[in-house]
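Asks: Using the sequences and the hints given, assemble the complete structure.
Protein chains in written order, with this note's numbering: chain D, 1 to 328; chain E, 1 to 328; chain C, 1 to 328; chain Y, 1 to 328.
Think of the hints as simulated: they come from the structure by calculation, not from any bench.
Don't take every hint at face value.
Identical copies look the same in the list; a pair holds intra-copy or inter-copy alike.
Derived SDA-like pairs (lysine to any residue); straight-line CA-CA distance at most 20 angstroms [as the list claims (entries may be wrong)]: (1) 241 <-> 228; (2) 313 <-> 299; (3) 243 <-> 209; (4) 313 <-> 296; (5) 241 <-> 39; (6) 219 <-> 61; (7) 241 <-> 210; (8) 219 <-> 62; (9) 219 <-> 34; (10) 243 <-> 216; (11) 313 <-> 179; (12) 219 <-> 73; (13) 219 <-> 57; (14) 241 <-> 122; (15) 219 <-> 54; (16) 219 <-> 252; (17) 219 <-> 37; (18) 241 <-> 201; (19) 219 <-> 122; (20) 219 <-> 64; (21) 313 <-> 123; (22) 219 <-> 66; (23) 219 <-> 80; (24) 313 <-> 298; (25) 219 <-> 59; (26) 219 <-> 204; (27) 313 <-> 113; (28) 219 <-> 323.
4 protein chains.
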Amino acid sequence: MSAGPGIGHIGVFTSGGDSPGMNAAIRAVVRSAAYHGLRCSGIMGGYDGMIRDEVRPLGPRDVSNIIQRGGTILRSARSDGFRTLEGRSQATATLQRHGIDALVAIGGDGTFAGARALFQEHEIRIIGLPGTIDNDLAGTDRTIGFDTAVNTAVEAIDKLRDTAASHDRLFFVEVMGRDTGFIALASAIAAGAEYVMLPEVPQRIEELAAALARAEQSKSSSIVVVAEGDEEGGAAEVARKVKLIHPQYDMRVTVLGHLQRGGSPTVVDRVMASRMGVAAVDQLLQGARDAMVGEVCGQIVLTPFAEAIGHRKRIPDDLLRLMPVLAT
Amino acid sequence: MSAGPGIGHIGVFTSGGDSPGMNAAIRAVVRSAAYHGLRCSGIMGGYDGMIRDEVRPLGPRDVSNIIQRGGTILRSARSDGFRTLEGRSQATATLQRHGIDALVAIGGDGTFAGARALFQEHEIRIIGLPGTIDNDLAGTDRTIGFDTAVNTAVEAIDKLRDTAASHDRLFFVEVMGRDTGFIALASAIAAGAEYVMLPEVPQRIEELAAALARAEQSKSSSIVVVAEGDEEGGAAEVARKVKLIHPQYDMRVTVLGHLQRGGSPTVVDRVMASRMGVAAVDQLLQGARDAMVGEVCGQIVLTPFAEAIGHRKRIPDDLLRLMPVLAT
Amino acid sequence: MSAGPGIGHIGVFTSGGDSPGMNAAIRAVVRSAAYHGLRCSGIMGGYDGMIRDEVRPLGPRDVSNIIQRGGTILRSARSDGFRTLEGRSQATATLQRHGIDALVAIGGDGTFAGARALFQEHEIRIIGLPGTIDNDLAGTDRTIGFDTAVNTAVEAIDKLRDTAASHDRLFFVEVMGRDTGFIALASAIAAGAEYVMLPEVPQRIEELAAALARAEQSKSSSIVVVAEGDEEGGAAEVARKVKLIHPQYDMRVTVLGHLQRGGSPTVVDRVMASRMGVAAVDQLLQGARDAMVGEVCGQIVLTPFAEAIGHRKRIPDDLLRLMPVLAT
Amino acid sequence: MSAGPGIGHIGVFTSGGDSPGMNAAIRAVVRSAAYHGLRCSGIMGGYDGMIRDEVRPLGPRDVSNIIQRGGTILRSARSDGFRTLEGRSQATATLQRHGIDALVAIGGDGTFAGARALFQEHEIRIIGLPGTIDNDLAGTDRTIGFDTAVNTAVEAIDKLRDTAASHDRLFFVEVMGRDTGFIALASAIAAGAEYVMLPEVPQRIEELAAALARAEQSKSSSIVVVAEGDEEGGAAEVARKVKLIHPQYDMRVTVLGHLQRGGSPTVVDRVMASRMGVAAVDQLLQGARDAMVGEVCGQIVLTPFAEAIGHRKRIPDDLLRLMPVLAT
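Replies: Written out as structure tokens, the structure reads:
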């Protein structure tokens, strides 16, 4: 395979909230670059590191033994500087100084918006990889980190159920997802929860209270999963409102929080991140830019950043309809 | 929704080798039946239990707290009796005795062959769910249990790598897959292995030996994943042959074995099994029979048993091509 | 071994907060009773079930396959009724009705106080087993559930560290322990935390703030473990106070909560619970009563309830002194 | 605290088979040295690295984020060279070249024998830490890595039981322990096995066969744990002999192998390793040498190498006696 349209040195970085599998993606980019005879550098701490010239060369050996690690060896941060024209000029100067002529950006919506600006203003060739636990990016069936985050949530809820069932208790569990309920819905189905509250679905506390009253007839304990962005105000608030209706319930609230971001990535996340990392380098070599690599129906698909940004993926209706059936 | 074409009592059973997620599927069938106002019974021990009349009623509460459990609460076994006309007649008599007028069969190839025979000889309406860790059934992107089995294998290999890296050792790890390399390939990619040997790909020991020699330059330890059905004869045999070429290597062989069948199912397996279990009841009510429920590109798809049986799914070429790139 | 001083039927129950390993203890009591040719019954839901006559016979097979499960198959609850003379008389009547002539009570301080009252007022022979995650009972080196609870906490903190290290963040993690810091101290040492705040040690926020400032020089992320009963008011309150001193820190608070009570018990908890369960039956047969079985230096030791109640075990000073050394 | 009798620079290394928790011990030695104002260096690859002068300075930051990792960052190997007088002279020359005036050796029996020789021939001050999964060293209640190895074995057996129970099968599981049955016995108790075979106890296949026949009456599946060093010849051989007596049994054999050496250490191993690592530096500073640090009844205890070597710890009889009671 040729070295592509003038690409000799690829930079890779992670940006925004970290997600499990980012290291697997970094490794794939680095190894794939080496496979094609290209140089590769890691930019530390996202766009901030690009501005501050925190760049280090990465060879195949530097990414040994990281595929199984949570977090990101390249660190991540949100960058205020990069939101300015000046910041992006400084970042571009860094890239030129190192001779980096193409980038792979691993992150979410905000990361891609930055990538777009860099391409439009400075013609930097960038391919994005969907690295976020939220799974709400259009253009890919799954984002890197989602599967791990849900498995982490479900393992935690499995433990809560042990104690819930021993005490005839009702647990409200808050999972991550400020704007979207993918994690909440998958967690609820997989954990055998009684009910789920999502940002996307207008919920009525009365409906939840009625479902709990029905469940009370036949079950000794119940789990309600609440997305942090739920319009009723998170798990604690939902619990407070249910208490007004069912004051006799023995309730507990647990907020799973940031532990959903960490942990060793699952196989789905490792394989997908590896595949996408290799595809990103392939795509750059074939002339692609200003676009995100995704996986749709098992195939690698390219979506222009312009389309990927701001188009939230929708919660699948059929999964939503499973809940009342499974909670029978 | 109407009660369907004369269906009032659904039987559910598991057959063949057990796989993680079978309990989630059973739960979904039972709850879905109750949701539709149907009776439901569990048949114990697969076709043998059908012959011996081991049937028990299952209500929503009987399947509480099982979604997270490995194995199958309905037990499983291979049945010699059911391979005879007489055995299948006895099984049919059992179903009639209990008034069971439709079945959900959870298992693999052999299970579906039995289901077909039962339908053809006795017009028993049966829908199959793909429950096998091997993932080689056509008509579904994934089988129930595959994701868990690979995660179990990869967690084990992650531990082996700790000790491999501490000692500069080469590990040959044998994973399940007598006729197919799905588990081996996914495990190898996700575990960051150096090389993988699959039944589907004619392998040359020389090629493996050369890859190991290259890896030696840059890495301190290596993992080779071997499918149990590999034509070279399993991990021990492959190791023996490599030793003839590289007598100086410090090698160890590990056969993961049956632990890949057990363990709490992953989210992918729980959600897919739940969805398929609900779909199986829906399909029966809509008149479907003699077919397997699968999930293709996120959609529920029905494949006639006649097509599903004997058509092995092929290993995706693009995943196979990842290996040399990622092992750079 | 003889059947002891007139003991023919042992009752077993769990009371108070559940803890992982209670099922292993129940199993050991039931199997040990069968081994000695005694009848055994389980009392459901602690003292409340004793009052309400919720008793069921338990044989060796009823406790198959439970050693690995969290929670308690006998359920647990706090009982207001049992705090009255009348409640305890009703409970005694239940025992007499079933011919139960000795009890094994699995729980903590409050459980043993109830057991004492039952012995003193009605001469019921009771042996207690220390089942609580808090580890603060005198008379035993470890309580059943402590090791599992700390491992659960540390696995969660390991995940938090992945994300903390990726973002240069400071995490305050609240673990269980209302009155005692055993879980907090062991979690902090095992998770490599920077600092720990315990109920037993008067803490100064200034000291914590100074330690964090020192750590900032050399580390990219820090974890502070806070016991829920910390006098400064829990993790959120501690974080708020640190923020006043170091407003520039990027902080997150996570409250692990009830998931520390659940999960499959560790080997330490399973082996100890098994051993104590067998010892409880042995002790009853040898005439012991009104006392708790504990394990001290690997030996089974009996401590009278009168001594065990209200004597909190102290945090070991030498473990406490490890913290500043290890956080160097 | 004073800098001790002329100690200014401590070397630390791991030797023999690796065990989980070695990194926690290394971290504690390095941090403790820094805390006392001493220099610290790591010697790579055990005694071989000492001969070949593979030494690198270690500061507090070099051991950040390793407490949770399996294996050993200092690598390990067996050394033939060190068994010669010349090899030990070369090793001593390396130490002098770097100004290393005291050593902490983490390993087992063989490691301590080497340490002894080094002390006797060259007066090198060495303190040993018991790092081996086998738990058979005298002078300490537990060795570093034992708790993790048993938990790994039991998690694997828990998975095997899922599938054993689904198929009415008998599993023979071989765990590590060439000369000693500590891992086997603890695994068997914690996994609820039917029977255990240890190197220390002369076993009769007839007794095992009879126990299995009894279990068959009441149980649907059984697990037999076999130590690799069992005199009957390992799990496969034991299974073969049982098959001669009970040809109708459906049996499977699993050899857990090296995965027991890897994995993230448990809390017990992390806390103990941390404590011992700090104690080793304390002891060196107080003038101790030629001895192993152990933990007995919760207290740090020093045992001269001469006593620690060759004195195997015995399997506790009372744990052994639990087996038939718990398998009732």
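Asks: Could you run down the list of hints and mark each one as holding or not?
Replies: The hints, checked one at a time:
| no. | hint | in the structure |
| --- | --- | --- |
| 1 | 241 <-> 228 | within (16 angstroms within a copy, 25 angstroms between copies) |
| 2 | 313 <-> 299 | both (18 angstroms within a copy, 16 angstroms between copies) |
| 3 | 243 <-> 209 | within (9 angstroms within a copy, 39 angstroms between copies) |
| 4 | 313 <-> 296 | both (13 angstroms within a copy, 19 angstroms between copies) |
| 5 | 241 <-> 39 | neither (58 angstroms within a copy, 36 angstroms between copies) |
| 6 | 219 <-> 61 | between (54 angstroms within a copy, 7 angstroms between copies) |
| 7 | 241 <-> 210 | within (13 angstroms within a copy, 42 angstroms between copies) |
| 8 | 219 <-> 62 | between (52 angstroms within a copy, 10 angstroms between copies) |
| 9 | 219 <-> 34 | between (57 angstroms within a copy, 15 angstroms between copies) |
| 10 | 243 <-> 216 | within (15 angstroms within a copy, 44 angstroms between copies) |
| 11 | 313 <-> 179 | within (11 angstroms within a copy, 38 angstroms between copies) |
| 12 | 219 <-> 73 | between (45 angstroms within a copy, 15 angstroms between copies) |
| 13 | 219 <-> 57 | between (58 angstroms within a copy, 18 angstroms between copies) |
| 14 | 241 <-> 122 | neither (52 angstroms within a copy, 45 angstroms between copies) |
| 15 | 219 <-> 54 | between (56 angstroms within a copy, 18 angstroms between copies) |
| 16 | 219 <-> 252 | within (17 angstroms within a copy, 36 angstroms between copies) |
| 17 | 219 <-> 37 | between (61 angstroms within a copy, 19 angstroms between copies) |
| 18 | 241 <-> 201 | within (18 angstroms within a copy, 38 angstroms between copies) |
| 19 | 219 <-> 122 | neither (61 angstroms within a copy, 36 angstroms between copies) |
| 20 | 219 <-> 64 | between (49 angstroms within a copy, 8 angstroms between copies) |
| 21 | 313 <-> 123 | neither (28 angstroms within a copy, 43 angstroms between copies) |
| 22 | 219 <-> 66 | between (44 angstroms within a copy, 13 angstroms between copies) |
| 23 | 219 <-> 80 | neither (50 angstroms within a copy, 23 angstroms between copies) |
| 24 | 313 <-> 298 | both (17 angstroms within a copy, 14 angstroms between copies) |
| 25 | 219 <-> 59 | between (56 angstroms within a copy, 12 angstroms between copies) |
| 26 | 219 <-> 204 | neither (22 angstroms within a copy, 47 angstroms between copies) |
| 27 | 313 <-> 113 | within (17 angstroms within a copy, 40 angstroms between copies) |
| 28 | 219 <-> 323 | within (16 angstroms within a copy, 36 angstroms between copies) |
Violated hints, in rising order: 5, 14, 19, 21, 23, 26; the structure is consistent with all others.
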